[in-house]
Amino acid sequence: MQKFGWYRGRLCLSSLFYGDKGYFYFRYKGELIMRDQLIAIRKTAEAEILSANDTASLEAARVKYLGKKGELTGILRGMGALSADERPVIGQLANEVREAIETSIAAAASKIEEKNLQSKLEAEKIDVTLPGKKPPVGKIHPLTSVLGEVEEIFLGMGYSIASGPEIETDYYNFEALNIPKNHPARDTQDTFYISDNVVLRTQTSPMQIRTMQKSKPPIRIIAPGRVYRSDAVDATHSPLFHQIEGLVVDRGITMADLKGSLEVFAKRLYGSDTVVRFRPHHFQFTEPSAEMDIRCFMCQGEGCRLCKGEGYIEILGCGMVHPNVLKICGIDPDVYSGFAFGIGLERIVMGRYEINDLRLFYENDVRFLRQF
Amino acid sequence: MKLPLSWLYEYTKITASPEEYNRALTMTGSKVEAIEYLGEEIDLVVVGKIESIERHPDSDHLWICGVNVGDKTLQIVTGAQNLKGGELVPVALDGSALPGGKKIKSGKLRGVLSDGMLCSFQELGLTQNDAPFAYADGIFVLSEGNCKPGDDIRKVLGFDEYVCEFEITSNRPDCLSVIGLARESAATFSAGFSVKTPIVSDAGGDIKDYLSVSVDSKNLCARYSARVVKNVKIAPSPKWMRDRLRACGIRPINNIVDITNYVMLEYGQPMHAFDYSCLEGSHITVRNAKDGEVFNTLDGQNRKLSSDMLVIADSKKPVAVAGVMGGENSEIKDDTQTVVFESANFDGASVRVTAKKLGMRTESSARFEKGLDPSNTMPALDRACELVALLSAGEVVGGFIDDAANFDPSPRRIRFETDRINKLLGVSLTRDEMISLLSPLGFAFDEDEVIIPSWRLDIELMADLAEEVARMYGYDKIPTTMLSGVATEGRLTKEQKFESTVSEACRSAGFYEIMSYSFIGPKQYDKVRMPENSPLRISTTILNPLSEDMSVMRTTSLPSMLEAIARNYNYRNEKVRLFETATVYLPEISDGKADPAKLPNECKVLTLACFGEMGYYDMKGALEAVFEYCSVFGLSYSEEPGNPSYHPGRCANVYSNGAYLGTFGQIHPLVLKNFGIDEPVFAAEISFDALLEAVSSERVYKPLPKFPAVTRDLALVCDKNVPAQRLTDCIKESIGKRLETISIFDVYEGSQIGAGKKSIAFSLTLRESDRTLTDQETDDAIKKVLISLKDQLKVEIRR
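So the protein sequences, as listed, match chains A and B. If you're matching positions, the first sequence starts at 1112 in my numbering and goes up one per residue. If you're matching positions, the second sequence starts at 21 in my numbering and goes up one per residue.
Any given hint could be a false lead.
What the hints assert, rightly or not - Which chain B residues stay away from chain A? Per the calculated CB distances, all over 12 Å, these: (1) T500; (2) G505; (3) Y768.
As the list claims (entries may be wrong) - DEER-style ranges, computed between Cβ atoms: (4) B/S783 <-> A/A1167: 35 to 45 Å; (5) B/G462 <-> A/D1298: 35 to 45 Å; (6) A/P1291 <-> B/G494: 23 to 33 Å; (7) A/D1298 <-> B/G106: 48 to 58 Å; (8) A/G1259 <-> B/F765: 35 to 45 Å; (9) A/H1348 <-> B/G127: 43 to 53 Å; (10) A/S1326 <-> B/I764: 43 to 53 Å; (11) A/R1416 <-> B/D91: 35 to 45 Å; (12) B/G127 <-> A/R1416: 55 to 65 Å.
As the list claims (entries may be wrong) - When the alpha-carbon atoms are kept at most 30 Å apart in a straight line, the in silico DSBU-like pairs for lysine-lysine are as follows: (13) B/K595 <-> B/K618; (14) B/K122 <-> A/K1250; (15) A/K1325 <-> B/K624; (16) B/K253 <-> B/K238.
Hints listed in this document are in silico derivations from the structure and should not be mistaken for laboratory results. The C-beta atom is built at its ideal place from N, Cα and C for all residues, glycine as well.
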């Protein structure tokens, strides 16, 4: 809505009558007057914008100069009174002034915004050292976690994972493993009996028999599980512990393959600089038999408390599958050969974490379980 | 087996240091457990001569001695009363060490300087048996052996000795002997080795005039050899023999008994000596014992025998349990005049069973049970008689008894298959190389056959021979190769993968994995309030449990879990959440009992429990999170007031698409009391197999909805006792498949809705997959819901 008024006998746009200081400001010689006016507006506007220190005063300044009823708009409306020559000149100047004001408003706005953000962030400051709010965390048992590592190593070498009963027949636990009744080898494994012919398995080795009876070579399996011996509970004995049985049967498997495979396993589990040694041992169901030691990682073979002065730590028992065992399982020992091994899981885990008491594994104190 | 190295050196010259020896023998299969220097704890103890002895001026029981210790004479005060002057005694010098970590320093005794200590034999770690000529209490007067002042006591008393302790595997009883280990040592170091044939010089006479032997139980006694010694003079055996026995951990007794032990250690052949005068009828029978026959063994124990045991008997009574222990009735005594030496070969399994039944494992039975070489009885017997002459312990009667009816002395042979040995080991050794590895162990070769030495009863097959080749060649020299041949694929079964998924699910819900024993005590069933007639009380029972509380294989995983919870509760651990994929053992039941001849069914139960910050709904939520993680859907719940382990009003069964998964809830306060827990505990027992079965294997992508859903909230009021599940079911049924989700966001009980009522607020999302639902359709559906709720459950909308 345009308003008009009279001034000195001329019809004028009312917006021109009122400048920022509220007094009349008009000169007949339009161009000159308007040029001065524009320059003055720019100057005062810029000063005002510069002094605005919050969004509201900046907005007020914008309305005052650039708004529909703003001073600049007022000037521009008066352009109609100018001559055709004057109009483009003043028009251009007016646009320049507008742009300049807009630019400084934008600059001031972003400055104010930045300042506002700054003070907001300051107000939001918290004590970052206060404790966090933790969702409950659970972990697997250290035995399970190391077993997982072992399984992964063997899976990567093409082994599958087998499992079988913990309550086992005497046949699978002993007889088929070349350990007849009243054989002295039974003495080394104090057995829990359920009946004359049923025992709690003393080793995971029955899984060798069960696997060979079920599947034909080539066989590559590991069979982890619980085993039982009637040892009273103390720091180094447990009536229940875990073994990981391994079995490979195929044509032409040699003791060199056994050494190579188990050395790779040891290096994957303990690191590539692990030194292993194989020394002769005796198991009824393997021939030749061996035990694999790793050089003590504490003393590098010098002998220390950890390795009880031996320089080496026993890791597993192994050997070439006894021909009698192959035969019992219906595998021709003249055609096939194989190797088997048994790893004591607790021993590995105790070595890994320097755990000195076997009982901790079965006490299930969360202060222990949290550490792994 | 303990081996004094000085004894070893009598058979083979090994120049290696004890440490090198240890390592080398371990690598050829005789594992050295420890190597001990007997004088380890003794230092600066020397022989001293008492040159003067006078009373202490301030004491009526102390003596001041002038002791010549070689390079000087020391003044030493002693309280012992057995010295007169002139004796040679052990002197612990200033700064010396004695067994047991005792340190000796100079000091004053009642004002008189004592520059060391005179020692008793006890202070040197000896017993009266080791020092039979010494006073039991007093200073050890050195009456045996040549020694002079200043000599190191370790050399004088046989402590200057390295003793190697071997772990001998059960297949090598031949190595439970000095000769056997010497053979192994010589083969390991390529050193010379020889055993002299013992020479018996008898004093005439004929054993037949003294003794006859009959072996009745031929299958249990392959050979029985005996000699008789007359005019026996029982005395302590010489110091060198006592020193060796002591080094091997055997107590010296007297010359005859010591000879039998010495020969057992040297030859690996257990022997026994009978007092001939006690053998009634001058006859020995090897027979099975009579059931109930009673017999006193040498250790003074009264033994009840049974007919499966082998005994040595005279014409009236048993005089020994064959291969295990002799009897008091024919024991060698100080006045024994005539002795029968027995050197026999008994069946290993029989000796093992007998020793086990009688609960006495002896040096003798430990050797017999592994199976001994029957060829060894005569050489051992002759060695014993040779020692009798050497010790002047008696006169050997001419002739010997040797009943070898059940013994075939011809050597065993197997084919010498060098190619197969190479193939098994992955090496390529020539026949000659193998021969040079095997010969030192006593193997001989005859064309394409190997002749097995008599003492190697463990060698039966090519594989056994391959081990001999391998260990002598060196396991470390066998190359290391990787498996060739058909590649196999290593993978996990569905069940194995699921087990790790379940484990991940439980961990992500904040639960720690535990491992508990598989066996429990039957009282644990009472502790979880299992009904008396529950079939789960019938468990597989261990015949020889370690204790009552580890005597049955668990049929439920809850007690083990609650034990773990109780332990953590007692340790004052806060906010504890535990889980275990526990195996339970469900026996075959016949006649109300577990059939011990059949293998039980082993099942896994996912068991969770927690205390601390959780309530019933937290536990249920955790369980739901686990199910969701495992992709087990279609869950529903029913009240389970009848499980006595749980709070009757806070226990539920959970189902997936109608199939039972398990039970969970708050543990019954009485159960908690039994476990000593004074705080609510929540637990869940979920069948692993049912869970695996419930996993939705179908994973097909469903397109995300194109049309908007409509959400309606319903605040309903119903009877307090109506389970929310029934309302949910009713709503689901009424709306049908258009109902996308249904959830409960508020439950309220209180004055605003009246007594005996509760308000449940549901939030429903309805959607059609092919169009936008109209308001009208939605309203109609809700109306229908309200009608069925009212009809079926008397549910009103909350005003």
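Check: When you take the CB atoms of B/G127 and A/R1416, is the distance between them in 55 to 65 Å?
Finding: violated (35 Å)
Notebook entry, point to check: Can the suggested window of 35 to 45 Å be confirmed for the beta-carbon pair B/S783 and A/A1167?
Noted result: About 42 Å separates the Cβ atoms of B/S783 and A/A1167, which means 35 to 45 Å holds.
Check: Beyond 12 Å from every Cβ of chain A: is that where the Cβ of B/Y768 lies?
Finding: Its Cβ never comes within 12 Å of chain A, the nearest being 28 Å, so this holds.
Check: Are all C-beta atoms of chain A more than 12 Å from that of B/T500?
Finding: violated (4 Å)
Next item on the list: Sort out whether A/K1250 lies within 30 Å of B/K122, counting only the CA atoms.
Entry: violated (50 Å)
Checklist line | CB-CB spacing for B/F765 and A/G1259 relative to the 35 to 45 Å hint | finding: holds (40 Å)
Note to self: Assuming the hint says 48 to 58 Å, is it satisfied by the Cβ distance from A/D1298 to B/G106 or not?
What the structure shows: Cβ of A/D1298 to Cβ of B/G106: about 55 Å, so the range 48 to 58 Å holds.
Next item on the list: Hint says 43 to 53 Å; check whether the CB-CB distance for A/H1348 and B/G127 agrees.
Entry: holds (45 Å)
Note to self: Checking one constraint from the list: CA of B/K253 to CA of B/K238, max 30 Å. Satisfied?
What the structure shows: Status violated; Cα separation ~35 Å.
Item checked: Beta-carbon spacing of A/S1326 to B/I764 - inside the hinted bounds 43 to 53 Å or not -> holds (52 Å)
Notebook entry, point to check: Is it true that A/P1291 and B/G494 lie within 23 to 33 Å of each other by Cβ?
Noted result: With Cβ atoms ~32 Å apart, the hint holds.
Notebook entry, point to check: Does the alpha-carbon distance linking B/K595 and B/K618 stay inside the 30 Å limit?
Noted result: With a Cα-Cα distance of about 42 Å, the restraint between B/K595 and B/K618 is violated, given a limit of 30 Å.
Consistency note: the structure conflicts with the earlier hints numbered 1, 2, 5, 12, 13, 14 and 16.
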